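Chemist: So you can see what is in the structure, the chains are spelled out below.
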Amino acid sequence: MIKGDIFFNLSVRSVRLNFLRSMLAAIGIVIGVVAISSMGMLGTNMQLEVKEQLSATANTIIISSDTVRMGPPGFTPSSSSSSGVTKTELTKITSAVGSNGTVIPIYSTNGEFTINSVAGRGLIYGIDPADIGKFLTLNQTYGNGTTEIGTGEVLVGSELAQEFNLKVGTRIRIGLFSSSSRPELRIAGVLNARGTVADGVSTDNAIVVNSNWYTDQYGGKNEWTQVNVIVKDVDSISDIESAIDDKVNTNAKTPSVRITDASSQLATETSTLSTVTTFIMAIGGISLLVAAVSIFNVMMMSVSERVQEIGILLSIGTEKGEVRRMFMYEAFILGLLGAGIGGASSLIIGYSVVDAMIGSTAYFFQPASILYVPAAMLIGVVVCVISGVYPAWRASNMDPIDALRSE
Amino acid sequence: MTDTPVIQLVDVTKTYHLEGGDFTALDHVSLEIRENDFVAIMGPSGSGKSTMMNQLGILDVPTSGKLHISGRDVAEMSNLERTHMRRDTIGYIFQKFYLIPLLSAYENVEYPLILKYKKRDTTGKAHTLLEQVGIDRDMSAHRPTQLSGGQQQRVAIARALVNEPKIILCDEPTGNLDSRTGYQIMDILCGLHRDGKTVILVTHDPKIAEYAHRTIRLVDGRVAEL
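Line by line, the protein sequences are chains A and B. Under our numbering, the first residue of the first sequence carries the number 1, and numbering increases by one thereafter. Under our numbering, the first residue of the second sequence carries the number 1, and numbering increases by one thereafter.
Think of the hints as simulated: they come from the structure by calculation, not from any bench.
The list that follows gives simulated cross-link-like pairs (lysine-lysine, BS3-like), each with its CA atoms no further than 30 Å apart:
#1 K134/A <-> K167/A
#2 K232/A <-> K221/A
#3 K96/B <-> K119/B
#4 K87/A <-> K221/A
#5 K232/A <-> K51/A
#6 K166/B <-> K207/B
#7 K232/A <-> K134/A
#8 K320/A <-> K118/B
#9 K247/A <-> K134/A
#10 K320/A <-> K96/B
#11 K119/B <-> K320/A
#12 K166/B <-> K118/B
#13 K320/A <-> K166/B
#14 K119/B <-> K166/B
#15 K320/A <-> K116/B
#16 K116/B <-> K96/B
#17 K232/A <-> K247/A
#18 K66/B <-> K320/A
#19 K134/A <-> K221/A
#20 K125/B <-> K320/A
#21 K87/A <-> K247/A
From a predicted model like this one, the values you see are computed outputs, not experimental measurements.
Sequences and hints are given; from them, build the entire structure.
Modeler: Written out as structure tokens, the structure is:
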């Protein structure tokens, strides 16, 4: 048993004897463990947050014009070409979906607006008022609003409302700043925050207008930017996508629409976040490398200071392996100290970082997040033990006569 | 004393390769030490006494010649076998005591037992030996730095004896002690000889050498007088 092992006891006493030096070396491990686990937990919490938000719109299929395949560079589409989903395509989509879901055609563009003489720019969505309530909800704290907007009314996103201090009834002018005619519309409601969504309708910093007003203002009638299909049963999403594909993309070589859903966006987002997390953790790992050098240095000092003691041990019959074990224990104890303090600090620092960066700690204690603490602790201990290998080897291979002579 | 040679040196030479040229510390030395012998090795500084002790303690091997300890040729033993022989067959008592500073007096004595049996001493042997050399239980809990020179040497003797070695090697065991304490230590060594141990003692002091039954004088690495 390690506790009853005389060599472990010798190592513990050596660490105690040089406690300050040992703790200073262990601080490197503490920093490394905190860096790796905090960054890992931050990345995982971000992923889980995004996953949760995207899952809210997981039942939505997004159909957009396959503009990538419209032609080679310099190709000018013919008059019959469309930059959006056409009415014929919409009819086919509606037919393919049938009673399995709700089809919502959406216009969108980047536009300019003025609120209280302050100019702004953001996404402007044109949606049929009858469809708005099917997937967008109102925040009534800004005043009693309605999604049944007329041509002179708009809905604004939550962040826009907060930034410009808007409420129901406030006026907003939409159109080019240079344009002489910038129609004034009344805010009929403020939308609830949606966060990161997978249905392509990010309304938090956007304006939603009546689809008729949109086409009057920007043109492109019956050429929708995207068509969203909210399916009734999320398990049937691939069947519906196949049905739409079969009906609309009749020419397999040049499909006219692109069909996506939350799963592909989720995969992209989590993959990106995962890459960023790994990169940040690798930066945290550099501090562990620095710590490894520090531990190596302390272990070499320990060996140098105990040369005569090593000579005594070897001369009275201690095996080389036992001397090695004694110094490996010392490195292990330093690692355990650093990793223990680092692990405890990670919980506090990681929690604070996640709370500050994401604004929510809902996923902090989930296994995928909290497991970074023991993982980083294990890495810290392993780094320490590896740092102790050479000093331990050197100690065990000393000549006992030379070692005894040293003062 | 029996006729069985417990230590046998046959034409042993030890040469050190130094920057300024080779230095022969032991020059064709041949001698036998029998079981329960009490031998003093004397000689001036640089005569090869320490080199001889390192050879007898198997801390080093001869450059040429044969060294047999307990009937085994040291040169043919592996490193691990030599380590085990140092642990089990030889008890080493040093001039500077060389106790392990991180361990208490008791733990220093218990240490060779742990090396041999791979477990803590439950037989009370370490305590018994400490009491035999005049270290009581209270004192045995002290670290070496908290003990006097005489007390440290008593602990070192107990440590050397704990694995019941055949051979006790003493390198100037009284060199760091006052004369009264030195004689007390010599009385203990004489007792060990009476109990059947083979005692080999390196000393400068002719009075200490008188305790031995035989004196070997070394001059320039050669045996001048047996």
